[in-house]
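Whenever a hint applies, use it, and build me the whole structure from the sequences.
There are 2 protein chains.
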Amino acid sequence: MTSFIDLDRSFAWRSLISLPRPRLADLLVPDRIGACEVAMGAGLSFNWSASPVDEKILSALGKLADELQLIDKYRLLLEGEHMNTGEDRMVLHHLARGQLGKAVSHEGRDQRGFYEGERQKAADFARAVHGGRIRGSSGKAFSTVTQIGIGGSDLGPRALYLALERWARANGKLRMEARFISNVDPDDANSVLERLDLESSLFILVSKSGTTQETLANESLLRERLKAKGLDPAKHIIAVTSETSPLAGNPGYLASFYIDDFIGGRYSSSSMVGGVVLSLSLGSEAFADFLAGASSGDRAALEGDISRNAALLDAMIGLYDRNVLGYPCTLILPYAEALSRFPAHLQQLDMESNGKRVNRRGEALAYQTGPVVLGEPGTNGQHSFYQLLHQGTDPMPLQFIGFLEGQTAGDCLVEGSTSRQKLNANLAAQIVAFARGKSDPNGNKNFPGERPSTLIHGNKLDPSTLGALLAHYENKVMFQGFAWNINSFDQEGVQLGKLLAKKALSVLADGSAASSGDSVLDAYAKMLLGGKG
Amino acid sequence: MTSFIDLDRSFAWRSLISLPRPRLADLLVPDRIGACEVAMGAGLSFNWSASPVDEKILSALGKLADELQLIDKYRLLLEGEHMNTGEDRMVLHHLARGQLGKAVSHEGRDQRGFYEGERQKAADFARAVHGGRIRGSSGKAFSTVTQIGIGGSDLGPRALYLALERWARANGKLRMEARFISNVDPDDANSVLERLDLESSLFILVSKSGTTQETLANESLLRERLKAKGLDPAKHIIAVTSETSPLAGNPGYLASFYIDDFIGGRYSSSSMVGGVVLSLSLGSEAFADFLAGASSGDRAALEGDISRNAALLDAMIGLYDRNVLGYPCTLILPYAEALSRFPAHLQQLDMESNGKRVNRRGEALAYQTGPVVLGEPGTNGQHSFYQLLHQGTDPMPLQFIGFLEGQTAGDCLVEGSTSRQKLNANLAAQIVAFARGKSDPNGNKNFPGERPSTLIHGNKLDPSTLGALLAHYENKVMFQGFAWNINSFDQEGVQLGKLLAKKALSVLADGSAASSGDSVLDAYAKMLLGGKG
Chain V
1 MTSFIDLDRS
11 FAWRSLISLP
21 RPRLADLLVP
31 DRIGACEVAM
41 GAGLSFNWSA
51 SPVDEKILSA
61 LGKLADELQL
71 IDKYRLLLEG
81 EHMNTGEDRM
91 VLHHLARGQL
101 GKAVSHEGRD
111 QRGFYEGERQ
121 KAADFARAVH
131 GGRIRGSSGK
141 AFSTVTQIGI
151 GGSDLGPRAL
161 YLALERWARA
171 NGKLRMEARF
181 ISNVDPDDAN
191 SVLERLDLES
201 SLFILVSKSG
211 TTQETLANES
221 LLRERLKAKG
231 LDPAKHIIAV
241 TSETSPLAGN
251 PGYLASFYID
261 DFIGGRYSSS
271 SMVGGVVLSL
281 SLGSEAFADF
291 LAGASSGDRA
301 ALEGDISRNA
311 ALLDAMIGLY
321 DRNVLGYPCT
331 LILPYAEALS
341 RFPAHLQQLD
351 MESNGKRVNR
361 RGEALAYQTG
371 PVVLGEPGTN
381 GQHSFYQLLH
391 QGTDPMPLQF
401 IGFLEGQTAG
411 DCLVEGSTSR
421 QKLNANLAAQ
431 IVAFARGKSD
441 PNGNKNFPGE
451 RPSTLIHGNK
461 LDPSTLGALL
471 AHYENKVMFQ
481 GFAWNINSFD
491 QEGVQLGKLL
501 AKKALSVLAD
511 GSAASSGDSV
521 LDAYAKMLLG
531 GKG
Chain P
1 MTSFIDLDRS
11 FAWRSLISLP
21 RPRLADLLVP
31 DRIGACEVAM
41 GAGLSFNWSA
51 SPVDEKILSA
61 LGKLADELQL
71 IDKYRLLLEG
81 EHMNTGEDRM
91 VLHHLARGQL
101 GKAVSHEGRD
111 QRGFYEGERQ
121 KAADFARAVH
131 GGRIRGSSGK
141 AFSTVTQIGI
151 GGSDLGPRAL
161 YLALERWARA
171 NGKLRMEARF
181 ISNVDPDDAN
191 SVLERLDLES
201 SLFILVSKSG
211 TTQETLANES
221 LLRERLKAKG
231 LDPAKHIIAV
241 TSETSPLAGN
251 PGYLASFYID
261 DFIGGRYSSS
271 SMVGGVVLSL
281 SLGSEAFADF
291 LAGASSGDRA
301 ALEGDISRNA
311 ALLDAMIGLY
321 DRNVLGYPCT
331 LILPYAEALS
341 RFPAHLQQLD
351 MESNGKRVNR
361 RGEALAYQTG
371 PVVLGEPGTN
381 GQHSFYQLLH
391 QGTDPMPLQF
401 IGFLEGQTAG
411 DCLVEGSTSR
421 QKLNANLAAQ
431 IVAFARGKSD
441 PNGNKNFPGE
451 RPSTLIHGNK
461 LDPSTLGALL
471 AHYENKVMFQ
481 GFAWNINSFD
491 QEGVQLGKLL
501 AKKALSVLAD
511 GSAASSGDSV
521 LDAYAKMLLG
531 GKG
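Quick note, the sequences are listed as chains V and P, same order.
With the working numbering, the residue at position 415 of the first sequence is 415, and numbering never jumps.
With the working numbering, the residue at position 99 of the second sequence is 99, and numbering never jumps.
Treat the hints as calculated values from the structure; they're not laboratory data.
Positions of the beta carbon are idealized from the N, C-alpha and C atoms, including for glycine.
Since no wrong hints were added, every one of them can be taken at face value.
Partner residues are not named here, just some residues of chain P that face chain V (Cβ under 8 Å, in silico):
no., residue
1, 28
2, 166
3, 335
4, 337
5, 338
6, 356
7, 363
8, 365
9, 370
10, 402
11, 411
12, 422
13, 432
14, 491
15, 492
16, 519
Heads up, incomplete: computed chain P residues facing chain V, CB under 10 Å, no partners named:
no., residue
17, 34
18, 214
19, 340
20, 344
21, 351
22, 357
23, 392
24, 403
25, 426
26, 428
27, 431
28, 459
29, 508
30, 523
Below, the structure written as C-alpha cells:
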C-alpha cells in the first residue's frame, strides 16, 4: 500500500533535521572521493564526495526515501498509475524509451507499441528524406530541418541537438543541420527564415493540442514566406501533434507524427517531439541510442539502496540542500561547450515540474519545493558569476558535469597541457576551491569555502550518455516531487498569463472596444501596444 | 566630505525596515501606472508601478540614497577617484562614452582623449577593412570577424552584437558577420573555426593582460589552423590589450587596439573590447551611437531626485527586494529575442560586481549583497520556468523589458493580432498576473500573486537604446555596490580556482611528478584527466 504524505509529516524528516551538519572541509578527505561514486547508466557516474552529506545524513536520507516510498511510487508511475493527479493522467515518458515494468495500455492500445511505432515511422521518414525520395515542392532535396515549437517542444530538442551536433559532424553522422524557431517575437522567425534556402528546407510544427498561440503564429508567418517563394507549404511542413488535434492527418502537412497526453512537454524529448528532429538531423540510429541510454538511466533509478541509486541520491541531497540547509538555488555547470543550452532545458524541467506550492491534494505546503535552477558552461562561468559563488553572502549548491574526452578532433599543447586538460583541471580545481576555500587575513582575498558541489562525469558526451544524463535529471526531479508530495507533471501556473494575454488581445480583435474590462491591464497594454491595446 | 559606511549603520536604513509593507494588489491601481514612469535616456523608460514600493517607502529609499551619498560617490568615480579600492584604481568606463565631469588624466595623459583616440583608430581600421584596403594573407577581403576572449571580453560584446545583428541586417548596416570563441573547451573553437572560410576571416584576440589562459590556448589553436591553410596569422589576427601586455605592438598581430586598467572586463563593452568587434561588424557609426546612448543613460543617472533617476531607483528597489524582503534572486525577462544573451551578460555584470561579502575595508558584512541574476526571453520563459515564478514557494522580483517595435520587417495577422502584438500583450498580461494573482478554491489553480516586477520599455532596440539599457544596468549595479559599501570593481573571487587549476596542471607539465602536493585535488584531477593528473 503506497501512501502519499507531506515531507514534514514523516518520521525520517524529523530525524534528518536533528542531525549535526558536518563541515565540508572536514569531510573532504582523499578516500571519500572514490568511495562516493555511483553508476548512472551508460557509463556515467555521479560523485557526491563534495556534498555536505556524511554517513549519518546519508542513512537518514535513505530512510526518508524508504518511508516516503519513492521507489514504489516510481514503479507505480512506470506501470501506468495516474501520477499526474491534477489532470488525472498516466505519466509515460519512460515507456517511450523502454519497457521497465508490466505492459501499459490505454483504450486497448499497448502504449509501448504506440511509441515504438511512431519512432519507427520517424526513422522510415528520415531515411526517405535522406535518400532524396521525399523532396520539397520544387524538387530539391531537403538539407535543413527547422523545428517550430515552444517550451518543451523547443528547449529539450534544441539542447539535445546542440549537445550532439559536434559529435555528429565529427563522426560523419550529421544528416541535416537543424534550426529552431520558438518565440512569438517575429524577430526570431524572421532571422531564422531569411538565412534558409526555403526550397531545401523542411519544417516540423510541434504542438500537442494544435492550438499553441506562439507556434500557430509562427506557422502562419512560415506559410506566407513559403508561398511568396512559390513553394507549397503542404510539401514542406510536417506535424508532431496529438491524434485528436486539428493538425493530425491534415492534408496541409507532408506527414504527421503522434504524441499523447501521457508525456508532458518538458519530458517529451524522448517522444516524437525530440524524435523527429533528431532522427532527421542526426539519423535514427543516434536517436535510438539516445533512448537506450536514457532507458539504462531509468533502470539504474530503480535501485532500492540510495547509495547505489544516483538519481535518488542526487534528489535527496538536493532536498537536504533545499529544506535543511535552506539554499534557494541550484547551479548546473557543465564543463562542455556542447551542453551550452542544457541548463536552460533543466530550468524548464525542474522549475516547471517542482515550482509548486500545494501538495497533490491541493493543500498549501509549509516547506519549500523546487529551487531556482541556472547555469552556463565552464570555464566561461569562472570569468563571470563564479565570483558570487565563491565570495557572495549566500552559499549555494553546485553540480558540475565533465567528460574525459571531447567531441571534436584538434587540440594543442600550450605550456605543457592541452586545452582539454586545462578545461578539466579547472573543473577539479573549482570543486576543491568551493569546498575548502582559503583563509587570508585580507578579507577581500579570503574564501570561506563550505560551498557544496556534486559531479557527474563520464568518458564522452554521445547519444547514449546524453540519454542517461537527461534521464538522470528527469528522475531526480520526479523523486523530489514525490518527496515533496507534489504533482510534478502539470503546470497550472502557466494558465493565468495566457488568459490575461487573450483578454488584452481581444480588444484589438474586435476593433471597436477600447478596454479589456480591466483598467490595470488596459494601461499596461496601451503602454506596450502603442495606444492600440 | 564623502563617507563610506555600511548600509546597516545608516539612520535611513533603520527607518526603512520599520515601514509597513504594502500589498501589491492594493497598490496596483490604474493611475499608478502612468505616475511611475522615469526617463532612462535615449527614449527608454523605467516603470516601477508593479514594484512593492509605496510613497513612504519611496521617500525612505530616497533618504537612504542621500544619506549614503550615492550620487556624490558616482560623481567622485566620474572624476577619477580610486573607487576600485582593492586594486587602488580609477573606474572610467563612463569616460569611454562621454565626459560628464572634469577632465581625468593618468600619467599626464587625458583619459577621455585616449579612449576617443582608440575609438577613432578602430573606426579607421574598420573602414579600411570594409573598403578592402586591408585584406587577408591570400589577398581575399575579410568577410567575417571572430572575437576570441572570455568573461567580459566575450559576454558583453556577444550580447550586444546579437542584440543588434537583426537591426543591422534589416537596415543594410551589417558589414561583417561576427562570431565568438570563448571556452577553453576545444569543442568551442573547433566548431566555430570549421565553419569559417579562414582566408576571409579576421580574428580579434582580447586579453587585457595578454596572459589569459583560455584565450591564449584558443589563439594557439587558431594559429595552427591558419598555418595549416598556408595563411599568415600575423595578417589575420588583431589584438585588443593593454599597452604593457606582450601582445601590444607585437609584429605577430595585424594591429593592436588599447585598453587600460581603469575599465574592468565586465564594463569593457564601451572600450575597445566591444568597440573593435562592433565597429567591424555593425560599422563605427553604430558603435558611436551606442556610446552616445550609454552616455545619455549615464547623464540621467546623475539626477539627485530618486523619483527622476531610473538607475538609482531601480538600484534602491533592488536593495529593498534583497535586504528588506529577503529575495535571493532577480529575474531579467526581455520580451525581445534579440536580447537572448543579455541576461547572461547581466549575470556577470551584477554577480561578479556585487557578489561580495566584505566591505571596502575588507570587513565581513552582516547583510546580504548581490542577488543571483538569471533570465531568458519571453514568451519562451512563459512555457518554461514561469510556473515556479507564479506558483512556487518563494516569490521573487522580476524585471521585464519590452519594445513597441521589432527590428525586422515581416509579421502576420492571426486571429486579429500580429505576432508582435501577441508578444507585448503577453508581457502586459504577465505583469498583472504576477502582481494580482487569482484566487481559486482549487489550490492547484490558485495564484497567490504579490510577485513584484518592474518594466523597462521603449520604442525600438537600436544602438542608442541598447547603450542606454546597458548603462542603466551598469549604474544600477554601481549604486547598489555603493549602498552595500562594497567594491564592485574587483573580482578576487576568481583567483583561487585559477591557482588550483595551475597546480593541477603543473603535474602534467613536468611529466615526472605524480602529485600536485594536494591529495584531494589529485584525486579529482585523476578522475577528470584520465589518470594523468
